[in-house]
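J.: So the sequence shown is numbered by numbering that gives the first Met the number 0: it starts at 0 and just counts up by one.
Careful, some of the hints might be misleading.
What the hints assert, rightly or not - With a straight-line cut-off of 20 Å between C-alpha atoms, the simulated PhoX-like cross-links for lysine-lysine are:
{"hint": "1", "residue 1": "Lys287", "residue 2": "Lys252"}
{"hint": "2", "residue 1": "Lys19", "residue 2": "Lys195"}
{"hint": "3", "residue 1": "Lys280", "residue 2": "Lys269"}
Hint data in this document are derived by calculation from the structure and do not stem from the laboratory.
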Amino acid sequence: MQVLYSYQQSQGKELSFFEKQLLNQVNKVYEQYLFLLLLLVRIAQYAEEDARERASKYIPTGDDLNANTRIASNTFILLLESDENFRQAVKSRKVFIPNEQELVRTLFRELSTSPEYAVYCSQEDRSVESERAFISVVFRQVVNRSAVLEQTLEEQDINWPVNKEVVRSMVKKTLKTYGPDSRQLSPISQNWPEDKDFIVTLLRQTAEHDAEFQGYIAAKTENWDVERIALMDTILMKMTLCELLKFPDIPVKVSINEYIEISKEFSTPKSKMFINGILDKILIDLRKTKKIIKSGRGLIE
Numbered sequence: 000m001q002v003l004y005s006y007q008q009s010q011g012k013e014l015s016f017f018e019k020q021l022l023n024q025v026n027k028v029y030e031q032y033l034f035l036l037l038l039l040v041r042i043a044q045y046a047e048e049d050a051r052e053r054a055s056k057y058i059p060t061g062d063d064l065n066a067n068t069r070i071a072s073n074t075f076i077l078l079l080e081s082d083e084n085f086r087q088a089v090k091s092r093k094v095f096i097p098n099e100q101e102l103v104r105t106l107f108r109e110l111s112t113s114p115e116y117a118v119y120c121s122q123e124d125r126s127v128e129s130e131r132a133f134i135s136v137v138f139r140q141v142v143n144r145s146a147v148l149e150q151t152l153e154e155q156d157i158n159w160p161v162n163k164e165v166v167r168s169m170v171k172k173t174l175k176t177y178g179p180d181s182r183q184l185s186p187i188s189q190n191w192p193e194d195k196d197f198i199v200t201l202l203r204q205t206a207e208h209d210a211e212f213q214g215y216i217a218a219k220t221e222n223w224d225v226e227r228i229a230l231m232d233t234i235l236m237k238m239t240l241c242e243l244l245k246f247p248d249i250p251v252k253v254s255i256n257e258y259i260e261i262s263k264e265f266s267t268p269k270s271k272m273f274i275n276g277i278l279d280k281i282l283i284d285l286r287k288t289k290k291i292i293k294s295g296r297g298l299i300e
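Using the sequences and the hints given, assemble the complete structure.
T.: Below, the structure is given as structure tokens:
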């Protein structure tokens, strides 16, 4: 949707350029996932640096001289840190933490003053399950709630507010399943080749059949001032029509409901009713002329 919006606003740029932009944005999601995993590793590693800093104070306290560094040897963190696939993914994608020292120090200080950290440092259980469970606490209680980190991620990518739920879900999945017998990072999707083909085809088909889809919309908005119809609404309706007419394996109701939900998030307060009303009228005509052809179990119109 966002790439099609940019495409509509562009001056003479080839569709292939926007296809590349689309795939770059998907790659950005995976890079943000790696970024958060790397940040968890760096927070854990910082425990030892913090202990050295405290011990080197001019007049250290007893607590300063005996700072607990257990998290630095957290079993889950050590597994991830030594994972060659993870390290290569971070290196090849050039994932880095901007202002790393300051950001990691801030997050570690927030963590080290929490009750959960005190409990963790005192417990004896070093099983992967227990160690992984605590890193989940770190992610949930510290990383996810950090205003500084949120600002950092937004500065890196304007789409972070859109991406973050997906990225966080990928991290949570890793924190549940990653271990000695299953060092598997979360994929961007369960079947990326198929999903990649879908999003690229949706982009291209929507753009290439723009005039056709615009005709359907124009026929049902004759009494509307064109300038008053939000461009985002038009794009969402064109994407819906693309799925209705060019993707025989997607149910009609699924397409319409999905784009109405998207309109709630990205368009105007009245977009939901407007889009639903126009699509209902177009759908009646498409069914009468038998232009919607769905195939597969439960999809035949």
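J.: The structure should be examined with respect to each hint, and the outcome stated for every one.
T.: Going down the list of hints, with the structure as the test:
{"no.": "1", "hint": "Lys287 <-> Lys252", "in the structure": "17 Å, holds"}
{"no.": "2", "hint": "Lys19 <-> Lys195", "in the structure": "12 Å, holds"}
{"no.": "3", "hint": "Lys280 <-> Lys269", "in the structure": "17 Å, holds"}
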